[in-house]
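For the record, the sequence lines run as chains A and B. Using the working numbering, the first residue of the first sequence is number 1, and each one after it goes up by one. Using the working numbering, the first residue of the second sequence is number 559, and each one after it goes up by one.
Mixed in with the good hints, there may be bad ones.
Reference listing, derived: stretches of chain B covered by chain A, where coverage requires no fewer than 3 residues with Cβ under 8 Å from a Cβ of chain A [as the list claims (entries may be wrong)]:
1) 627-633
2) 638-651
3) 663-669
No wet-lab data here; the hints were simulated from the structure. Computed from a predicted model, the values in this text were never measured in an experiment. Note that beta-carbon positions come from the ideal geometry of N, C-alpha and C, so glycine has one too.
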Amino acid sequence: MAVLRNQQTRQRDLLNVPVVGRFLRWKHARTSMQAVLLAVSALILYDGFWGPQLAPKNLAGVLPWVHWRGFVVLALLIAGNLFCMACPFMLPRRLAKKLFPADRPWPTFIRSKWLAIGVLLVFFWAYEAFDLWASPWLTAWVALTYFVAAFAIDGIFKGAAFCKYVCPIGQFHFVHSMVSPLEVKVRQPDICGSCPTKDCIKGRYGPVAEPSLRHSGTSRNPDERDKPRQAQVSHLLRHSRESSPRAGARNPSSDEQRPQAGMREVTKSPSQPARSVAMPAGLQLVQSGCELWLFQEGKVGNMDCTFCLDCIQACPFDNVGIQLRAPTSEFRRLDQWHSGVGTLVKRADVAALVFVLVFAAFVNAFGMVAPVYVLEQWLATQLGVTSEPVVLGILFIVGLVALPFVLVTAAAWSSRALVGGNETLAATATRFSFAFIPIALGMWLAHYGFHFLIGALTVIPVMQSFLADFGVPILGDPQWELAAIVPEAWLVPLELLLLELGVLVSLTAGYRIARSRQSSAARAIRCLLPWAVLIVALFFTGAWLMTQPMEMRGTILG
Amino acid sequence: MNFARTTCVIFIAILGALVLSACGPRAEQGGNLDVTVLSISPEPAAVGDAVITLQVRDIAGNPVSDATILVKGTMTHAGMQPVIVGTEARGAGKYVTEGFRFTMGGDWVIIVRATFANGATAERRIDLKGVQGEIKMGMKSDKPKDGN
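Assemble the whole structure, with the sequences as input and the hints as a guide.
Put into structure tokens, the structure is as follows:
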């Protein structure tokens, strides 16, 4: 039975897909992807600072706002958090880890998503207030700030503090990858239960050319190469059946990873015990474990997972895969303790992050349609304000903080009133926040997918122009007429389809969440009703936005 | 100095160079062409068909009447198909666009490209802010959102 289950798991594992799986198993796979994006970032920085300051003619105007945004939302839909996997900001950050001690624990009072929520709010406001989409120069500054922030923060603090607690792009991906079809997870929990080393979290130590199980075979034949590992896995499975199946399920950071005799503590961190690592004297770290403190054995879902694949590289038993799953499967595990995250239904900060991103999907799209200008003019007149950033600030506070707070509180109160129970409004809101992720992803897909589909080919003339400016017009004269990759008539139906998919998955997720707490289907439906109303209202808002004429003005007032 | 420290110095040096050199965006090249928009019909500019009348002069102020003038209309944001049209010369440096269309409300940039008889080219950029859009509450636009 276990063998059958193992075979099924392996069949649904991206690591077993020819070519792709082989590439992802390669130790330098992530670095190579990061290097490609670093080169692209260098182009963006160069053209943004020194190139023509007209966004449609500048790589900093085209690549981030048309292509990158389109690619990442499509990746979230069809795969998972691929941007974090190939994040270019991680290369200077890795350098910082080598250069500086990077041994300080992240301050306890900001060990949550609140700081990232603040950064996200500022970013969304700045995007509109300073027309980042129309300014290659400011776009380059944003990218440069990112590089510096990742370098500085991770040069000071241990682990991947920047990714986990600060990076707004990362938070976007963490949240929306909760409905992605791929998840990095353990293949056979039994093996982890008996694993003596927990390399997936602690990292693997040894001489540089460590003769570990993973590297013990030099044969290019996978079957030959895997023989020692298979023998070890068989041994562990036998051992695990004899002992408690979840004996090792606790985070190794707790009591079971105390330094043993002959070992020295290399990172002592009572505040972040998951990284408390005992290193045998004379050895060095040859493969990092998870730097976001997601211990594989207790890891649930994609929250905080950057798809860095360190755990896959570190596991000596090849017991971690990138596995296919149902997009709503994560919503069945909200009450489960998540390693490195905690219990999601108790994370008000995560719920707030989710709601900010949900409403931002609609406010961000609202910023590009004609009615926003009418509203802004009206607001400016009513308040007697002439400063556009101030008016936008008010709109963003209302749209991303006040309005969500009121609507969510009303939905939580109504839900509780319909079915009773003693759960607090905050707990109810936190629980149901996750049901909104699919409709949010649908909206982001409709919006960013629209820009990508109508502008995907614009990178060709911009690249032609870029090279021509360098005196190497090897790609010929810029063909500025290139733009869309699909007929324009497809766009609105496609956008509505994405929104419809989003609302359906959201309602399904909402029902699952409600059903997990209610004794009958009827009670679950009553419990869900206010949330379903809000989800459907968001759907109609999105549909209305997508059918509005687009308008892009740098100056709104006056 | 080990490799890591050398790399760090290089990285910080590049960063410093970027910061120092990025204190202001590069000035736009005007080219040796003086272009004035005489009129846009309809007035004010709005989404839909439009006729733009241009006055083209060289840097000495002399009307340019024997050039081929192409007009490219694009917006301040990336990702849309530009509107590229030819013009008809009306004498004394006046040119009128043929088949131009504002496809979206917002801030436009009109790029006028002149090709002279000797093959030389010159470009001039004109900012045209606040092309009026159309607002339809709850109705699908019968005009394209973007591109053509």
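| said: Cut-off 8 Å, C-beta pairs, minimum 3 residues; does the coverage of the segment 663-669 of chain B by chain A stand? | reply: Per the Cβ count (4), the hint holds.
| task | Can you take a look at whether the segment 627-633 of chain B is actually covered by chain A? Rule is 3+ residues, C-beta closer than 8 Å. | result | Answer holds; 3 residues pass the 8 Å Cβ test.
| Counting residues of the segment 638-651 of chain B that have a beta-carbon nearer than 8 Å to any beta-carbon of chain A, does the count reach 3? | With 4 residues closer than 8 Å to chain A, the segment 638-651 of chain B meets the three-residue bar; holds.
Going down the numbered hints, you'll see the structure goes against none, and every one checks out.
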